[in-house]
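Visitor: Residue numbers (the numbering used here), protein chains in the order written: chain A, -13 to 133; chain B, -13 to 133; chain C, 921 to 1371; chain D, 921 to 1371.
These are computed hints drawn from the structure, not numbers from a lab. All C-beta atoms in this analysis are idealised placements derived from N, C-alpha and C, irrespective of residue type, glycine included. Some hints could be false.
[To be verified] Not close to chain A: a few residues of chain B, all C-beta gaps over 12 Å, as computed:
1) R19
2) G21
3) P76
4) F77
5) E79
6) K86
7) L98
8) A107
9) V113
10) K129
[Claimed, not checked] The calculated lysine to any residue pairs, modelled on SDA-like cross-linking and capped at a C-alpha distance of 25 Å, are:
11) A:K97 - D:P1026
12) A:K97 - D:D1010
13) A:K97 - D:T1185
14) C:K924 - D:G1314
15) A:K97 - D:P1313
16) C:K1249 - D:R1246
17) A:K97 - D:G1314
18) C:K1156 - C:A1268
19) C:K924 - B:M96
20) D:K1036 - D:K924
21) C:K924 - B:E101
22) C:K1249 - D:G994
23) C:K978 - C:T1296
24) B:K97 - C:E1316
25) C:K1249 - D:P1313
26) D:K1249 - C:E1316
27) C:K978 - B:R126
[Stated by the list, open to error] Beyond 12 Å from chain D on every Cβ pair, some chain A residues (computed):
28) A53
29) N54
30) V55
31) V63
32) G87
33) V93
34) K97
35) L110
36) L111
37) E122
38) G124
39) A131
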Amino acid sequence: MALPTQELEGLLQLLREHGATEFEYEDEGYRLRIGFAGAPVTVAAASPAPAPAAAAATASPEPEEAANVVWIASPFVGTFYRAPSPDAAPFVEVGVNVRKGQVLCIVEAMKLMNEIESEHAGTLLEVLVENGQAVEYGQRLFKLAKS
Amino acid sequence: MALPTQELEGLLQLLREHGATEFEYEDEGYRLRIGFAGAPVTVAAASPAPAPAAAAATASPEPEEAANVVWIASPFVGTFYRAPSPDAAPFVEVGVNVRKGQVLCIVEAMKLMNEIESEHAGTLLEVLVENGQAVEYGQRLFKLAKS
Amino acid sequence: MFQKILIANRGEIAMRVLRACRELGVRTVAVHSEADAGALHVRFADEAVCIGPAPSAKSYLNVAAIISAAEITGVDAIHPGYGFLSENADFAAVVARCGLTFIGPPAEAMRTWGDKLRGREAARRHGLPLLPGSERLESAEHAIAEAERIGFPVILKARGGGGGRGMRIVREASEVARAFDSATAEAGSAFSNPELYLERFVERPKHIEFQALADRHGQVWTLGERECSLQRRHQKLVEEAPSPSLSEERRSQMGEVIRRALRATGYESLGTLEFLMDERGELYFLEMNTRVQVEHPVTEMTTGVDLVVEQIRVASGARLELPDTRPWKFRGHSIECRILAEDPVSFAPWPGRITEYHPPGGAGVRVDSGVYGGWTVPKDYDSLLAKVVVHAPGREQALGRMRRALDELIIGGIRTNVPFQRRLLDDPEVCEGTMTTRTVERVVRELREGA
Amino acid sequence: MFQKILIANRGEIAMRVLRACRELGVRTVAVHSEADAGALHVRFADEAVCIGPAPSAKSYLNVAAIISAAEITGVDAIHPGYGFLSENADFAAVVARCGLTFIGPPAEAMRTWGDKLRGREAARRHGLPLLPGSERLESAEHAIAEAERIGFPVILKARGGGGGRGMRIVREASEVARAFDSATAEAGSAFSNPELYLERFVERPKHIEFQALADRHGQVWTLGERECSLQRRHQKLVEEAPSPSLSEERRSQMGEVIRRALRATGYESLGTLEFLMDERGELYFLEMNTRVQVEHPVTEMTTGVDLVVEQIRVASGARLELPDTRPWKFRGHSIECRILAEDPVSFAPWPGRITEYHPPGGAGVRVDSGVYGGWTVPKDYDSLLAKVVVHAPGREQALGRMRRALDELIIGGIRTNVPFQRRLLDDPEVCEGTMTTRTVERVVRELREGA
């Protein structure tokens, strides 16, 4: 694939100059769509938005992140621990480099301590859950910059 | 791929000059869509569209009509008659010129024969209801070209 | 049975009648104003006729247009719903003269029972209890004598009209003369009739009403009572059956008196007899409504009788199928909350587009509504959007069920009184069943004072 | 009573349980798969926990995840709904070992009654009628002898399993030997167990089931029967109570036998005993379901008992409040239609986005649904969207009410079986109440042939 970066530059400039908020273009299987900030083209379906569920929802994707940012999510429901025992030091701290397969934390489920390993090598950017906090399936635990 | 950057420039300018908020264009697999700030991207809410009512709904406005076209609507519920009696000739025929105040038809309601007069002078373009047909309030009876 | 019925109403009651017709296999004609072209009853009816512009006077109250619509669609009966033309005896007479059936009592019965003064006279004649009161008051001295005979507090009322004008509550003899003079003046200017009478005044009354249904073969059912004490400015908000303040004995005794009175006056169709209950539990007849009531579902849920189906059946000449001597088998407890398009704090009407609508469901929940998601509530009519009705074995469970039903109800895009209703359901007087017609006023005051 | 209950299910039954909890004042925890993050039960629960990806095996059948969710949310009981883990005795045992209450029978009772063969044995021991049948068939000759003793037609069945494999219907003696051989071979390869037995075969049976409810204090209620003969491929489509084919006398006689059997085995919680009814009206026990049934609302509507509330109450150790010797007071007739996301002609599942949803309302209509407008029905689970349940004084009125309710129901954006259900409601067998488990098959054939 070749992104039409150069052509795009001119197009983007043009569209911005003219205050466009949306642009869609399709030609023989080729399709392009551009949206600009401040153009909330959100289309809320008429859906009941009742009493919000109390539990944390799975984090929604953040489209603005750089391409090399990845998340490590909990593979099961349980309780999150940053260290192997209450007195021990955390497995990892923000800023360190982690290897693929390195243990990042423990999620306790059904009295079993499950070590969660990193799926990627990279730099730990953020720990998203407090020590001792309950986590649900798929909940994001760590943010990494993949190296 | 060739982004239509140059062709776009003129188009964008034109659209902005005319205060367009949205532009869509499609031609043999080619498709273009542009939105501008302030464009109300209205989205139909999910609403029941149940069993359509059987009776004729009030005619919806036809935006394409020429500016001098007007309609004569029924001022009440009743039965529409084109002539003063079954044997008589219709009050008016398509193509004739009618005076303001000229009787166009009768709407019978509660055993009373109500003569319906033209609110405008003009040429009768169309009779929209059959003789003897029931009409509801606001139902369009005649189409006129105002003179 | 009728072949086709015209429903001369709108909103939830038009849907209610339409559903009864469907189940009876009767075709329906909806009439509607221009503002209601997209209304639910129009969409679900077999046929629909636009009868006029938005203002009621030119559409839903437009007798000529409704009769014409009946004629062009070839119906054989007209159901008036409630409000609009439902208690208009002249309309009933016109319908009859056109050879159609008015689904309600004969015009003459409407004139007798529907008129406040004539209704009270009929009630008195047939043994229904009335509040102790005077004849026309000749003078301030006469007023004092009558008040002392009846016992304070009393209320002075204008003979010529209602609506609060010409009314004075008097708590002791020394206040009577001044109140008599000012009420006389007010009544004279408001109704061109300065005549006054007085009645015992009940400080904290309950509103109790009995549901009756009579056929033209002389049978009369009484289907128990409803308590409708939760009112704001004489507008009922919450209704329930049975009343937590009425004994089984009292219920059957009142039922018998009412059946006798209605049989004696040859009444036919649905009728609701409204009573005021004083602090000692005594009932006093106020007036009779000669049409289906907004709150009829709570009676349906506790008796299992479809009141609108039976109303249509008796209008067609059918007999009620059970003997009227049989005491009704009631089951459980039912509560209705009226859901209004209004601000829950200021009570200002709040028409507009409903962006989302998700009614509650599940066990023991009934919803009678005239709205749907995407519809715009017109500003031209009353603010009733829907009625949420629950049924449960007992009152406490019914209250719990109503709380969860209101928590489930979603109406987006406009404001509704749901938060206020939800607040009422937690009020101690409501929970204990000791509410009176003054309760809502107190709750509003407490809310305003941030209590 | 419990403080907080985890609902280990989804869809309409999760909503059903959630409503019961709300009315009992119990807090709720919803669990859900990633595919159900926006589901109705998730939105209405007090808390929600995502327990796994879309496939049921990794979420709604994931015992470890559900137990962990129970632990991190601190619930004291788990309600399994129906399907999924609801009849898994091992799950019930794990829940108990974790110090939580499984809302259902004790694991041992599930093992006895939930197992087809052990359940039949218990039924035989306690006097429930069984279809005449044989022990294990030793040979084709043995099979002929047993078939002649029982009377043709008979059905050969595999002892090791079900689902139609190893089954043969035999109508005369000359067919037995060949059927015996082929069924033996099929059973051997399907279940690694070639053993067969035979039973009387009923050509056009009705499916009748009795609802029971027992507390741990030895009280057992029987709440009448449901007829669920309208099935397509063993999937129930329409259920009703009472059955039009059961006399009051038979009902109370069966109730007594069932109460005795359940008391004798120390059963607790809800239970449904399924019977086959032959052409002469005789009932034969098939199996027992040890959980709430999809079709429980028709019993609720005719008895006024909230089965899920009572199920939760008895699980908490509470006593049923009426003596079990009291015959139940039934009222009226109730019908349920299951609304499925499927093509009404091909019956292909039809998941997708629901663009519009408007449930029916009005008198005698209950809707239990797990959907809303704007929600996307996942492809990963069963196709049940909602149950429309009606109640009316008699069967004919109930059918009429169901017709008008289905006519009102709007589900846009996906295909549903509403047109097929609507067609069933007009079928002469259904209208007369003579439908059998073969009726739907015939209606489908007629539709395909354009009849």
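Visitor: State for each hint whether it applies.
Guide: Evaluated hints:
no. : hint              : in the structure
1   : R19               : violated (4 Å)
2   : G21               : violated (3 Å)
3   : P76               : holds (49 Å)
4   : F77               : holds (49 Å)
5   : E79               : holds (49 Å)
6   : K86               : holds (47 Å)
7   : L98               : holds (46 Å)
8   : A107              : holds (47 Å)
9   : V113              : holds (42 Å)
10  : K129              : holds (37 Å)
11  : A:K97 - D:P1026   : holds (24 Å)
12  : A:K97 - D:D1010   : holds (18 Å)
13  : A:K97 - D:T1185   : violated (35 Å)
14  : C:K924 - D:G1314  : holds (24 Å)
15  : A:K97 - D:P1313   : violated (55 Å)
16  : C:K1249 - D:R1246 : holds (18 Å)
17  : A:K97 - D:G1314   : violated (56 Å)
18  : C:K1156 - C:A1268 : holds (16 Å)
19  : C:K924 - B:M96    : holds (19 Å)
20  : D:K1036 - D:K924  : violated (33 Å)
21  : C:K924 - B:E101   : violated (30 Å)
22  : C:K1249 - D:G994  : violated (45 Å)
23  : C:K978 - C:T1296  : holds (20 Å)
24  : B:K97 - C:E1316   : violated (57 Å)
25  : C:K1249 - D:P1313 : holds (13 Å)
26  : D:K1249 - C:E1316 : holds (21 Å)
27  : C:K978 - B:R126   : holds (18 Å)
28  : A53               : holds (24 Å)
29  : N54               : holds (25 Å)
30  : V55               : holds (21 Å)
31  : V63               : violated (4 Å)
32  : G87               : holds (23 Å)
33  : V93               : violated (9 Å)
34  : K97               : violated (9 Å)
35  : L110              : holds (24 Å)
36  : L111              : holds (23 Å)
37  : E122              : violated (4 Å)
38  : G124              : violated (6 Å)
39  : A131              : holds (25 Å)
In summary, the structure is inconsistent with hints 1, 2, 13, 15, 17, 20, 21, 22, 24, 31, 33, 34, 37 and 38 from the numbered list given earlier, while agreeing with the others.
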